[in-house]
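**Student:** Based on the provided sequences and hints, a complete structural model is requested.
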Amino acid sequence: MRLFEYQTKLRFAQFGIPISDGKVATTPEQAFQITQELNAVVVLKSQLREPVHLDADLIKAAQTPLEAKQFATEVLGLERNGTRIDRVLVEALNTIKLEFYVAVSADYRLGKPVLLASVIGSTYPDLTEHNGIAWEPINPLLGIRSYQIVSVASEINVPREHWRAFEEVVQSLYRCYVESDAILAEINPLILTGENVLLASGGSMVIDEQAFFRQPGFHTLSDSDNEPVCFAGSMQGHIGCITNGTGLLKAVIDLVHLYGSNNVLPGRCASIPNGASVEVLTRALESIAQDSEVRVLIANLFELSTPCDVIAGRLLLALQVIGNALPVFVRLQGEKSVQGTEILMAEASSRIYTADTLTDLVQHAVRFVNLEIE
Amino acid sequence: MSVFVRHHSGGVIIQGITGREGSFHSRQMLAYGTNIVAGVTPGKGGEWAEGKPIFDTVKAAINATGATVSIIFVPAANAADAIIEALDSNIELIICITEGIPVSDMMRVKAYIGHDENRLIGPNCPGILVPEQVKLGTIPGYVARGGHVGVLTSTGTLTYEIIQTLSKGGIGQSTCVGIGSDAIIGMSLVEALALFEHDPDTEKVVLVSENTGHAEMEAASFIGSTMTKPVVAYIVGRQNLELPGTVPLYESEHPSKDAVIESLKVAGVRVAWSPDHIPELLA
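If you're matching them up, the sequences are chains A and B in order. The opening residue of the first sequence carries number 58 in my numbering; numbering runs sequentially from there. The opening residue of the second sequence carries number 4 in my numbering; numbering runs sequentially from there.
Under the rule of at most 30 angstroms between Cα atoms (straight-line distance), these lysine-lysine pairs were calculated in the BS3-like manner:
no.	chain 1	residue 1	chain 2	residue 2
1	B	K268	B	K207
2	B	K207	B	K171
3	B	K268	B	K171
4	A	K80	A	K154
5	B	K232	B	K207
6	A	K169	B	K113
7	B	K232	B	K268
8	B	K47	B	K62
9	A	K393	B	K55
10	B	K171	A	K393
11	A	K169	B	K260
12	A	K126	A	K154
FYI, nobody ran anything at the bench for these hints, they're computed from the structure.
**Tutor:** Encoded structure:
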């Protein structure tokens with residue numbers, strides 16, 4: 058999960074990384090007051106989870122508290138990518154002599170964290186290429202070695218008189234990364250100000266959701282065993298899919314694409330745990346039913362520990378909750394799969410269909426949708 | 004005996020035997036005939052579970068039983084510690100079933116295990132099943148039947164679906180191995196393929212993977228250059244689904260699915276477009 062910039066900066070400060078002077082405003086009046094207190098030209102940054110530094114509408118310099126208040130009025134309450142902007146970070150604007158990008162990121166291919174750094178010139182560094190990016194793998198048992206930071210500083214032309222300060226920033230960033238269970242911690246940009254101070258003018262962090270259970274403040278977001286995992290909310294399509302297992306879900310989605318050609322598309326989908334409760338099934342179904350384009354549901358469940366007749370009962374209850382709104386193409390595999398399927402087919406109030414193979418299941422569902430949309 | 008479980012003869016211990024997952028799957032394994040000799044749950048040494056003695060530590064369990072395999076069902080918060088404990092005990096093979104281990108924990112395990120990564124299968128994997136012989140993990144026995152096709156997957160539930168499809172198609176399996184769908188795991192696809200290449204019981208291999216990164220490209224390269232046994236592959240995940248916890252970040256050029264499939268074909272692999280297509284390609 059990506060943190061807001063203001064949250065990232067708070068963490069950076071906790072770990073001793075110098076940051077710009079600033080505060081968060083949730084109202085235009087606060088923006089006014091903060092600007093007054095700072096007694097400086099400020100920059101106002103709308104807070105979204107995606108980095109906004111490239112979006113000119115959402116970030117603006119203000120010369121006076123009144124200008125700050127006006128801009129805050131414009132952006133607070135705006136919707137972007139499905140979320141409301143409810144905070145603006147108000148910071149003293151710094152003069153910039155040099156700008157760098159510095160980050161610690163998990164490299165899944167290497168199986169290690171890596172230190173990344175680059176000068177920021179006229180174009181934003183492309184992180185998928187090695188060109189122009191200084192790069193050092195980090196041994197997670199040893200941490201970043203000093204010589205690695207020297208190597209990077211040299212490669213990106215940090216002025217030598219600032220190498221000591223640069224090393225401190227990088228070591229602090231790494232400690233912040235480790236202790237926050239981050240998979241990305243980036244300072245973007247790290248600036249050398251007109252007063253020759255190195256500070257983090259912008260930044261972002263992504264926290265490993267699998268570590269929420271041990272990160273203060275994230276406990277409530279921790280996935281318990283029974284949280285459904287929903288994917289691809291932007292896939293507006295005709296067929297909603299539920300499986301237990303992400304690999305199985307991907308397989309079903311692939312098949313919908315294959316047999317649907319370009320007419321019938323997968324919509325909102327969910328992967329639920331084995332032996333999911335009625336509550337979890339209901340939540341998953343409700344979420345899928347919210348996709349207004351979805352016409353049918355495919356449920357392909359391969360159960361390990363819970364007999365299929367029990368699962369069938371739970372599925373029927375969950376379908377009732379969503380008002381039996383959608384026809385369901387379901388295939389149950391596991392212990393008592395025959396009994397479970399019989400229970401589903403006997404239910405008169407729902408439109409439930411089944412098939413022996415996954416291929417047949419998807420093909421039937423696609424055919425159904427094709428007939429409907431003709 | 005399958006090269007994957009030649010160490011099995013020493014007996015199996017279950018770390019986390021008293022938990023919900025551990026107890027359920029231990030019962031299933033015992034019913035299948037797996038030689039489980041003990042469980043490990045710190046603090047419950049001296050007690051019993053599923054008819055087996057529980058020990059406080061892996062070392063104590065090995066001293067008492069001579070076990071050579073450990074299967075870990077310990078919950079995510081402590082699973083990495085459990086893996087390290089097993090590594091330190093010098094037990095030959097570790098299979099970690101646990102899902103949801105924090106990325107940084109697995110990076111530390113990976114750094115610690117060094118070149119011995121073949122000692123660990125998983126985490127977040129269904130384990131090993133040698134049909135009609137031994138079950139080391141969560142793969143349901145009833146989907147499998149004995150035969151000569153090796154099944155290698157880096158996925159979870161889809162593994163069961165694939166094995167069942169093969170069995171229904173009259174195609175028996177030599178050994179079924181799921182190495183796990185996490186980004187950071189012990190044994191890799193290449194290492195598992197190498198074992199299948201040397202397994203006298205295996206004539207052909209089915210490879211099933213979620214297109215997660217470079218592992219499939221390396222597998223393709225290995226198959227083309229080194230393997231003599233025919234391979235049929237099924238790769239899922241055409242679409243760019245965002246999974247929580249694996250934000251696509253800096254990575255040395257994540258290969259596209261088309262690139263992966265192309266590499267596999269160049270290596271002589273037949274690529275299936277659905278689970279039901281696999282039996283046809285094995286003929």
